[in-house]
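Novice: Take a look at the letters that make up each chain.
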Amino acid sequence: METTIQLLISGILLGGIYALAAMGLNLIFGVAKVVNFAHGEFLMIGMYAAYWIAKLFGINPYWSAPLVFVLGAFVGVLFYLGLIRFTIYKTELTQVFATLGVAILLQNLALMAFSADYLSLQVFSSKNSSIQLFGSYLSTTRVMSFIFAVVVVLLVMLFLKKTYMGKAIDAVSQDLSAARLVGINIDKVFIVAFALGIGLTALAGGVLIPSFYAFPTVGSSFVLISFVVVVLGGLGNIPGTVAGGFLLGVLETIVGYLEPDLKEGTYFVLLILLLTFMPNGLFGIKGAEKEGLK
Amino acid sequence: MSTNWLEVQYKDVIAALVLILIVFIAPLAISDRFYLNLMFLVFLFAGLSSAWNLLGGYAGQFSLGHTAFFGIGAYTSTLFYNYAGLTPWIGMLVGVMISMTLAYLISYSVFRLRGVFFAMATVAMGETVRVLLLWGRSKIDIPYGLSIDYKPAISNMIFSEPRTYATLAGLFMLLVALVCYLLTNSRVGYYLRALRDNEDAAQSVGIDLRRYKLIAFLMSAGFTSVGGTLMAQYVLYIEPSSVFNVTISIDLALMTIMGGIGTILGPLIGALITIPLQEFLKDWLSPFGVGAHLVVYAAILILIVMLLPEGVVGAWRNFRIKAIKGDPRA
Numbered sequence: 001m002e003t004t005i006q007l008l009i010s011g012i013l014l015g016g017i018y019a020l021a022a023m024g025l026n027l028i029f030g031v032a033k034v035v036n037f038a039h040g041e042f043l044m045i046g047m048y049a050a051y052w053i054a055k056l057f058g059i060n061p062y063w064s065a066p067l068v069f070v071l072g073a074f075v076g077v078l079f080y081l082g083l084i085r086f087t088i089y090k091t092e093l094t095q096v097f098a099t100l101g102v103a104i105l106l107q108n109l110a111l112m113a114f115s116a117d118y119l120s121l122q123v124f125s126s127k128n129s130s131i132q133l134f135g136s137y138l139s140t141t142r143v144m145s146f147i148f149a150v151v152v153v154l155l156v157m158l159f160l161k162k163t164y165m166g167k168a169i170d171a172v173s174q175d176l177s178a179a180r181l182v183g184i185n186i187d188k189v190f191i192v193a194f195a196l197g198i199g200l201t202a203l204a205g206g207v208l209i210p211s212f213y214a215f216p217t218v219g220s221s222f223v224l225i226s227f228v229v230v231v232l233g234g235l236g237n238i239p240g241t242v243a244g245g246f247l248l249g250v251l252e253t254i255v256g257y258l259e260p261d262l263k264e265g266t267y268f269v270l271l272i273l274l275l276t277f278m279p280n281g282l283f284g285i286k287g288a289e290k291e292g293l294k
Numbered sequence: 001m002s003t004n005w006l007e008v009q010y011k012d013v014i015a016a017l018v019l020i021l022i023v024f025i026a027p028l029a030i031s032d033r034f035y036l037n038l039m040f041l042v043f044l045f046a047g048l049s050s051a052w053n054l055l056g057g058y059a060g061q062f063s064l065g066h067t068a069f070f071g072i073g074a075y076t077s078t079l080f081y082n083y084a085g086l087t088p089w090i091g092m093l094v095g096v097m098i099s100m101t102l103a104y105l106i107s108y109s110v111f112r113l114r115g116v117f118f119a120m121a122t123v124a125m126g127e128t129v130r131v132l133l134l135w136g137r138s139k140i141d142i143p144y145g146l147s148i149d150y151k152p153a154i155s156n157m158i159f160s161e162p163r164t165y166a167t168l169a170g171l172f173m174l175l176v177a178l179v180c181y182l183l184t185n186s187r188v189g190y191y192l193r194a195l196r197d198n199e200d201a202a203q204s205v206g207i208d209l210r211r212y213k214l215i216a217f218l219m220s221a222g223f224t225s226v227g228g229t230l231m232a233q234y235v236l237y238i239e240p241s242s243v244f245n246v247t248i249s250i251d252l253a254l255m256t257i258m259g260g261i262g263t264i265l266g267p268l269i270g271a272l273i274t275i276p277l278q279e280f281l282k283d284w285l286s287p288f289g290v291g292a293h294l295v296v297y298a299a300i301l302i303l304i305v306m307l308l309p310e311g312v313v314g315a316w317r318n319f320r321i322k323a324i325k326g327d328p329r330a
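Protein sequences appear in the order of chains D and A.
The numbers in the numbering used here rise by one with no breaks, and the one at position 259 of the first sequence is 259.
The numbers in the numbering used here rise by one with no breaks, and the one at position 292 of the second sequence is 292.
In case anyone wonders, no lab produced these hints; they're calculated from the structure.
Given the structure is predicted, the values throughout are model-derived calculations rather than measurements.
One or more of the hints may lead you astray.
[To be verified] Derived lysine to aspartate or glutamate pairs resembling EDC-like cross-links, with alpha carbons at most 20 angstroms apart:
| no. | chain 1 | residue 1 | chain 2 | residue 2 |
| --- | --- | --- | --- | --- |
| 1 | A | Lys139 | D | Asp175 |
| 2 | D | Lys90 | A | Glu310 |
| 3 | D | Lys188 | D | Asp170 |
| 4 | A | Lys139 | D | Asp117 |
| 5 | D | Lys33 | D | Asp117 |
| 6 | A | Lys139 | A | Asp32 |
| 7 | D | Lys90 | A | Glu199 |
| 8 | D | Lys33 | D | Asp261 |
| 9 | D | Lys90 | D | Asp170 |
| 10 | A | Lys151 | A | Asp141 |
| 11 | D | Lys167 | D | Asp187 |
| 12 | D | Lys55 | D | Asp117 |
| 13 | D | Lys90 | A | Asp197 |
| 14 | A | Lys282 | A | Asp32 |
| 15 | A | Lys139 | D | Glu259 |
| 16 | D | Lys90 | D | Asp175 |
[Unchecked claim] Just so you have them, the derived chain D footprint on chain A, three or more residues with Cβ under 8 angstroms:
| no. | region |
| --- | --- |
| 17 | 91-100 |
| 18 | 201-214 |
Glycine included, every Cβ here is placed at the ideal spot set by N, Cα and C.
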């Protein structure tokens, strides 16, 4: 029983992190209908940014998170203006392989700049490295990342529900032509969505650095995880992403406990099963047919 | 129409003869190990990309999981050879059977998907096979990396002369190219291109989508598996992170796209450009750091898919059309 509770709690903590990591992917997919294969690499950029800010200026990754967000947002705008803008009306082939190209580019730029070393950052002294909750010991960094994830997710949902820009983003994800018809500035919405999406992704990387290693190819595992989370919760569905994150986190933790070597396989198998039997995810996908799901 | 048909045939025969001559003459004309290695890789990847093209180019399904079939090919022949003494020639065929079985089973899932979802599901397929292998390895106690003892013999598919490998890979390329050629002018080929261009329209004229996609997928998986065995026999050492690496899947797609997706010569040209480009870039840019050549390679890839999504062959075709008919926009 105690183990079960411990597993559940660590799973939920991990799930919060997954939800945060996947949020940006879903936001961008919803608006631009582009699956960004370079998603994980933006997370990697956030990890390195937080790492170096901490190393050079001694700022703790939790305090530098807003800075990493701004940096990510800036990169996101560049990514949109420099590449995505030109791919949106092109074929699927161009969309898939252009973002895949960006992924390879960023991975190897990181390799050149930071070498293949695994970098980690210790934020809490070993005395404070775990906290006790409901009788189980939890890693402080995981708990902190989880708190960050919850706060940020709530802020994003608030932004989407309450502000004009947020509603415009929602409108464009639902129906681009109709949104344009009622006078929404599509270009602006795209730029904001990419700034927000990539900014969030970088921020996720930043708050992950105390509990995950940073290395040039760290993104490639996160892109698949994020994709599973997004499909699980439903494309374009932000609350769904949160639920999807929790589910995957718990599932992965349980599988990892039972059969450690198969842990990594959890999300791959889940993705295949999901796409086969429940392509609409748990809460349905807007415009799934158009995007290649039947 | 009939003259056109004859003209095509005549050109095809020339192209085929040139290819056959290259495969048989080029390895004999070169003795430098570096170039023979390059030639082996170009031939092997030309064949592998052509195999990817069967599914990606003709049927329009962009797989990013072909490394699974490549790895299965490499592992099956090696495991059977090392532990049961079975000749890799037979092991290769067993690998083909396993790869095709996997393709058949996974087709029930991935054929329901299109575009990026198909791509993602195939990535997951490749990774699942890798994870399962690592898991199984820890259960039945086989080493992480497998090396094959160097015992040159035709029956062992191990040769003392590097040029023999180059010729063998060249034959593999010719075989896949021949299948692509036969497919292009066959009923199945027309069906595949019809369903690639518009699935709904193809279905409405009575094409069994699943059946024809499956034909392309099985052939594609089988040939990729053969390529995996050839690679294992050439390098004589395999490990999960090398033969089940997702970059293999990506490279096959890139070579096909660079050369011209959906064409017979495209993947061959793509491999001919990409492999030496990668090798030379690696050489030239090594002073700038480990990943420098891949940065340039990725930049070239982005430019190609943005500016020439139909690849070299497509660009040449468009150029010819313009030269003959004049600029349609003029």
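Novice: Which of the numbered hints above does this structure break?
Specialist: 1, 4, 5, 6, 8, 9, 10, 17, 18
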